[in-house]
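Those sequence lines, one after another, are chains R and S.
According to this note's numbering, the stretch in the first sequence is residues 664 to 987, in order.
According to this note's numbering, the stretch in the second sequence is residues 2 to 345, in order.
If you are wondering where the hints come from, they were derived from the structure by calculation, not from laboratory data.
Being a predicted model, the structure only gives us computed values, none of them experimental.
Don't take every hint at face value.
Said to hold, decoys possible - Straight-line alpha carbon distances no greater than 25 Å define the calculated SDA-like cross-link-like pairs of lysine to any residue that follow:
| id | chain 1 | residue 1 | chain 2 | residue 2 |
| --- | --- | --- | --- | --- |
| 1 | S | K89 | R | N728 |
| 2 | S | K183 | S | P135 |
| 3 | S | K174 | S | N116 |
| 4 | R | K669 | S | K123 |
| 5 | R | K753 | S | S104 |
| 6 | S | K62 | R | N728 |
| 7 | S | K89 | R | A751 |
| 8 | S | K65 | R | A756 |
| 9 | S | K261 | S | F218 |
| 10 | S | K123 | R | N728 |
Claimed, not checked - Taking CB as the label site, the calculated pair distances span:
| id | chain 1 | residue 1 | chain 2 | residue 2 | range |
| --- | --- | --- | --- | --- | --- |
| 11 | R | L857 | S | G55 | 54 to 60 Å |
| 12 | S | K59 | R | E694 | 51 to 57 Å |
| 13 | R | K869 | S | N101 | 43 to 49 Å |
| 14 | S | D214 | R | G933 | 53 to 59 Å |
| 15 | R | K869 | S | G55 | 54 to 60 Å |
Backbone N, C-alpha and C define an ideal beta-carbon position, used for all residues, glycine too.
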Amino acid sequence: MTETNKQVPVTVLTGFLGAGKTTLLNRILTEQHGQKYAVIVNEFGEQGIDNDLVVDADEEVFEMNNGCICCTVRGDLIRILSGLMKRADKLDAIIVETTGLADPAPVAQTFFVDQDVANKTKLDAIVTVADAVHLSSQIEDHHEAEEQIAFGDVILLNKIDLVKDENIEVVTKRIRKINPFAKIIKTTKCGAPLKEILNLDAFNLKRILEVEPDFLVSDHDHEHDDDVTSLSFVSDTPLDMEKFQNWFEKLLQTKGQDIMRTKGILDFKGENDRYVFQGVHMLMDASPMGKWPENKERSSRLVFIGRNLDTMNLKEGFEACKSE
Amino acid sequence: MTTDLNQFPQLDKTKFEQRGIQLEIGVPVTCTVSIGNNIAAGFGDGTIRIFSSGEKHKTLKVHKGVILCMAKDGDNILTGGDDGYFLKISLNGEINEITNFGSRWVDHVAAHNGNLVCSSGKVVYYWDKNKKEPKSLNHDSTIGGLVFDAKGRRLAVSRYGGVTIWKKDYSNKWKSTKLDWKGSHNKVSFSPDGKYLVTSMQENVLRCWRLKDKLDFAMSGYGSKVKSFAFIGDTSYLATSGSTDAICWPFDGEGPMGRKPICLPYIGNKQVTFIEPFPDEKAIFAGLSDGSVFLSQIENENNTIIIRSFTGSEVSAIAMTDDKSSIFIGDMNGNTLWTSIWDQ
């Protein structure tokens with residue numbers, strides 16, 4: 664991704680029906696004075712959005728012909744974002760509201776796959792609005808609700824005024840089990856400070872170093888087979904770069920459909936730089952990110968979010984990458 | 002044409018820039034159309050500018066937002082915008098609204114012999130010149146491009162999963178046939194002889210069908226998306242953007258299958274982003290990602306001259322007047338050049 668300073672940030676608002684996406688959207692639009700936003704909504708979405716520039720989208724997903732079966736992208740977003748980039752007035756930000764049943768992966772993958780989109784815009788963060796009253800049952804009944812939690816960089820646990828404290832605790836734990844790196848903000852009527860929702864730069868690799876996910880969450884109770892869970896690994900022994908690349912490449916190629924998100928900071932033997940990466944299904948963005956801080960212990964840390972993680976021999980695979 | 006390759010790095014302004022008119026509009030040039038000896042250019046702020054030789058250009062504000070597409074209908078300009086309007090504009094600036102889709106964009110327009118089409122989302126609207134109300138042609142997914150064949154009998158519509166070809170049967174009913182290939186198809190074009198159909202795809206590749214037997218094949222090897230392509234002359238070459246060279250596929254004889262394209266290289270390793278054919282000279286104008294524009298003879302790669310030097314912004318439009326006397330160039334920052342091609 665080039666021309667970082669010119670890229671327009673795109674915030675994706677996702678969340679199950681009735682969770683409060685439109686409430687949040689209207690708060691952003693009314694409270695951010697003097698900012699020029701484009702809002703991309705689905706025609707079947709909730710109505711009543713107060714903005715000059717609202718674009719109807721179709722949520723059309725198609726598969727890329729790149730030999731990668733889970734690499735689906737939002738074709739309508741490519742078209743709309745390239746159209747918006749031709750406007751005379753420069754946009755401060757773009758907000759994409761997805762329908763309640765949308766899978767966020769194709770939205771995120773669009774920013775990895777299309778060159779023009781990646782040059783001119785950047786995915787800022789996926790913000791998931793969750794209904795504290797209904798989230799637990801929605802997760803049980805609809806895989807989409809689970810996916811939206813899995814992909815969130817920020818999760819607004821909304822309507823907490825309608826839920827007892829101990830139940831908030833239960834829902835929070837449930838969210839953490841699915842997604843250890845999201846920031847959870849508890850709100851009523853989506854009343855979170857907007858600076859915790861906008862301009863987060865959550866997909867910037869540098870941010871992974873600043874906001875380190877909770878790498879030590881792993882408690883592996885056996886869940887239903889198709890539940891989304893997370894696993895994390897830490898190693899103080901440096902890794903062998905070649906071994907790691909071979910293992911990880913093959914892992915994403917064969918299991919990329921089940922692995923939804925990955926993030927990691929890696930310490931390779933013989934390298935002075937920290938290597939940082941993140942992935943959405945089979946697509947990955949990786950780069951050296953400067954030297955290790957001198958007063959800090961070097962270690963490799965890796966997180967997976969996805970389904971059927973316990974069938975992938977992740978622990979053994981990771982252990983085998985350690986240098987002698 | 003002369004070979005100026007050795008001198009151009011030292012030149013501040015090309016001779017075309019010296020004798021032409023250069024403007025800095027500051028808004029992307031999105032599309033063009035040539036009508037007689039005039040060029041109409043559409044911009045991202047909803048204006049069009051009409052360039053005619055010997056007079057000052059005219060500026061018309063026609064859309065509220067971006068002009069997304071343009072076509073020519075006789076002596077008129079058709080435009081579609083992100084404000085939902087489909088307009089017909091005469092060269093003297095008279096604006097007629099054909100229709101208005103509200104918040105839905107008009108993505109593509111075309112015309113043949115007075116019959117007009119536009120697409121918005123998944124639907125193509127066809128206005129028969131003798132009828133007031135349009136006929137809707139529905140598709141399962143959003144339309145990436147549309148084009149009439151040279152005789153106006155067939156309308157090809159690209160979309161996800163391939164191309165739909167519409168044709169009226171003997172009883173004047175619309176019939177469609179489908180050409181399928183997985184993925185998102187954008188710009189679509191018939192070869193001038195009507196034997197082939199080509200689309201550029203979301204991946205860095207072109208897909209081509211030989212229409213008599215629906216045999217399909219890919220033209221690949223591009224470093225980026227092929228945003229612009231054009232057939233030259235009577236189906237002798239298909240010139241394409243999407244690489245650091247202009248890639249020209251041979252379409253004579255049995256077509257390009259199993260044959261190598263001619264690659265016209267440009268200095269500086271910049272991507273070619275726009276192609277405009279110059280059939281009489283078997284040549285192409287190639288616009289690059291840094292704003293420079295070259296004219297090259299396809300069968301003589303040493304015969305390349307520079308038309309415009311770099312501006313720092315991707316070339317998004319090149320159009321030659323119908324009489325081949327003048328050329329218009331525009332880029333994503335709105336730097337334009339309007340100049341005569343021939344030395345006086």
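Decide if the proposed pair is consistent with the structure: K123 (chain S) and N728 (chain R), CA atoms, cutoff 25 Å inclusive.
Holds, at about 22 Å.
Hey, K89 (chain S) versus N728 (chain R), does the alpha-carbon distance stay inside 25 Å?
Cα-Cα ~38 Å, so violated.
Would the pair K183 (chain S) and P135 (chain S) pass a check requiring their Cα atoms to be no farther apart than 25 Å?
Violated: K183 (chain S) and P135 (chain S) sit about 30 Å apart, past 25 Å.
Tell me if the straight-line CA distance from K753 (chain R) to S104 (chain S) falls inside 25 Å.
holds, 20 Å
Take a quick look at whether K89 (chain S) and A751 (chain R) sit within 25 Å of each other, Cα to Cα.
OK: K89 (chain S) and A751 (chain R) at ~22 Å, within 25 Å.
Regarding the pair K65 (chain S) and A756 (chain R), is the alpha-carbon distance no greater than 25 Å?
holds, 20 Å
Should the hint that K869 (chain R) and N101 (chain S) are 43 to 49 Å apart at their CB atoms be regarded as holding?
With a Cβ separation near 46 Å, K869 (chain R) and N101 (chain S) satisfy 43 to 49 Å, so the hint holds.
May I ask you to test the hint 51 to 57 Å on the CB atoms belonging to K59 (chain S) and E694 (chain R)?
The hinted range 51 to 57 Å is violated for K59 (chain S) and E694 (chain R), with Cβ atoms some 43 Å apart.
A range of 54 to 60 Å was offered for this pair. Does it hold for the Cβ distance of L857 (chain R) and G55 (chain S)?
holds, 56 Å
Could you grab the alpha-carbon distance between K261 (chain S) and F218 (chain S) and see if it respects the 25 Å cut-off?
Between K261 (chain S) and F218 (chain S) the Cα gap is close to 14 Å, so the pair holds against 25 Å.
Under the criterion that the straight-line Cα-Cα distance not exceed 25 Å, is the pair K174 (chain S), N116 (chain S) satisfied?
With a Cα-Cα distance of about 15 Å, the restraint between K174 (chain S) and N116 (chain S) holds, given a limit of 25 Å.
Do K869 (chain R) and G55 (chain S) keep their Cβ atoms within the hinted range of 54 to 60 Å?
With Cβ atoms ~56 Å apart, the hint holds.
The structure does not agree with the numbered hints 1, 2, 4, 6 and 12 stated previously, though it agrees with the rest.
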